[in-house]
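Based on the sequences and whatever the hints tell you, model everything.
From first to last, the protein sequence lines stand for chains A and B. Quick note on numbering: our numbering labels position 189 of the first sequence as 189, and the sequence is numbered without any gaps. In our numbering, each residue carries its 1-based index in the second sequence increased by 305.
If you are wondering where the hints come from, they were derived from the structure by calculation, not from laboratory data. Among these hints, one or two may not hold up.
DMTMM-like, lysine to aspartate or glutamate: derived pairs with alpha carbons at most 20 Å apart [what the hints assert, rightly or not]:
hint, chain 1, residue 1, chain 2, residue 2
1, A, Lys32, A, Asp199
2, A, Lys137, B, Glu606
3, A, Lys55, B, Glu606
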Amino acid sequence: MSFLNYLISGISLGSIYAIIALGYTMVYGIAKMLNFAHGDVIMVGAYVCFFAAAKYNLPPAIGILAAVLVCTTLGIVIEKLAYKPLRQATSLAVLITAIGVSYFLQNAALLLWSSSPKVFPNFFAQQTVNEAGKKIKITGFQLFGGQLRISYVTLVTIAACLVIMAALLLFINHTKLGKAMRACSEDKGAAQLMGINVDATISLTFAIGSGLAAVAGVLLCSAYPTLVPTTGSMPGIKAFTAAVFGGIGSIPGALLGGLLLGVIEIMAKAYISTQMSDAVVFLVLIVVLLVKPAGLLGKKVREKV
Amino acid sequence: MKTTRKILSMLMALTMIVALAAIGGTAYADGAIKIGGTGPLTGGAAIYGNAVKNAAQIAVDEINAQGGLQFELRYEDDQHDAEKAVNAYNTLKDWGMQISLSSVTSKPAEATSVEAYTDRVFSITPSASSTATTEGKDNVYQMCFIDPAQGTMAAQTIAAKGFGSKIAVIWKNDDVYSSGIHETFVAEAAEQGLEIVSDTTFADGNNTDFSVQIADAQSKGADLVFLPMYYDAASLILTQADNVGYYPAWFGVDGMDGILSLEGFDTDLAEGVYLLTPFNAWATDERTAAFVAKYQELYNEVPNQFAADAYDCVYAFAQACEAAGVSADMSREEICEAMIAQFSTMSFDGLTGSGATWDVETGRVTKEPIVVIITDGIYVTVD
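So this is what it looks like as structure tokens:
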């Protein structure tokens, strides 16, 4: 039974990685750049939702909506100011800029909201009163007489992952804008010649990616409620790892990579050693990349010379 | 023509710098003894730096208001960065600092204390708790406990008061603070006959999910979980343990101080948590109450232990200066010798403990730690 509990913990951690990885992989797949500021957009989304819900007592749905709006705008602004001028530059220059944006967002958050941690409210808990008259929060289901626990956040996150993944696949494969995105991803120059507005398409990609980041931020902080300006950076890096693991650019790969990474991390903690868990996770990553350099579901691109 | 002008302006600039430096060097005798300190006033650790600065200022104002000995306090921002701290220290030295409150956090303090040692500036840090801060420097002292001492004191307290017998420890293995306390705790627990049934870790990369650590402690029947860490991680552990219905006794160290002011945290979860802290802001003695009231009036928050340590530092200076007859026109070298003589023999009663004494060799403080239990959202001292 403890194995099943660990598995569930792994899936709930993995589903958080997966939802962040979806944003990473989508931006990489289309714009062919690693947006290292993704984790920090997540943090901004979580703060917006925190202030909406905890400070202004708005309902959670409005808070999430506000977070999505702010992050989408932020994503477009970042793209216009920081990445667009570098469209012709080397990918290394863009990568360094992305790291710069990441530091900028973290430090701006430090200035605006200070470093003292805030505890994010759990939107997915029921308030009830137990027999003794004490207020308690129910945060999940209990199965087999309380031996197995699944929290509501996990269920919501997995559902959100599946919905987002399906929506992204439908959008990219079956709409005109999606077609434009795929064209940009294959060959920007040729796409432009075919009359596709490459700049607008890449902006749209960032807008969607940042909107997803807001949702990820809310779910991340609902599951693990301490919110500080660096909240997004570590999960962001782990999610990036997950995206590479699943095959960067592949949307189902992000989901698979995220879930696997979470499960491996928890299992390594439980059965090997809490000190070694990260070493095990990254060892598995190295082995996978040695065997399948494009990641689990990544496509091998043959370079024609 | 252009080059002559350039050379001339450079010369002008040089003379001005020399003149300024001369002013800095002779700025001693104006009645007040100059106390300088560096701390993170902005950035990630700013809550600590500002707490220290605010409380030290309160103490200085109180002492000045009594007439007699006069102090002047100046704080420079080091952003919790060793290099910036040395620059900040040099700014203070140019200003004419005669005694120093060293730095607020450990890494900067390790850097500035080296300078203070060479310059013979007597220093006492309110809160830099690493052993390297004072090691090998006869004029650098600490007001706070060193990190490893807390592990020993925690194990002794748990055994003496019978808080638990089967102990689980969750600690952060990439943090010297946490691992230092863990090491001494485990060693002392063995001495005291406490059984450590579960010993698990986390690190910066995986500090969100604690389900495995909690399950391990629970399945091995730990009746007390020792948490040598800061309150942000501890708040996650308390929340996740509540989710799975695990309610052991919790025991934290001074890093746990602050959990009650964590914005949005359900303080019910911290009910019954024990912690070892040098300062209880809800203690009812007259001095603590007056200090807390003053701090709240000026800065609109409950002072933490850093604030109390800083307040004590300034009063310890005052006591030593009075006893040694230090005056504002003495050089920093003279003051340094007088202060070392005082601190190595005196006993000091402050907010963070009575009868504090210092070890001449190491500069470390000896005082009784306070054990508190969180009850109804405040600290209650456990006798």
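Consistency of the hints with the structure:
no.	hint	in the structure
1	A:Lys32 x A:Asp199	holds (13 Å)
2	A:Lys137 x B:Glu606	violated (29 Å)
3	A:Lys55 x B:Glu606	holds (18 Å)
Of the numbered hints listed earlier, the single one contradicted by the structure is hint 2.
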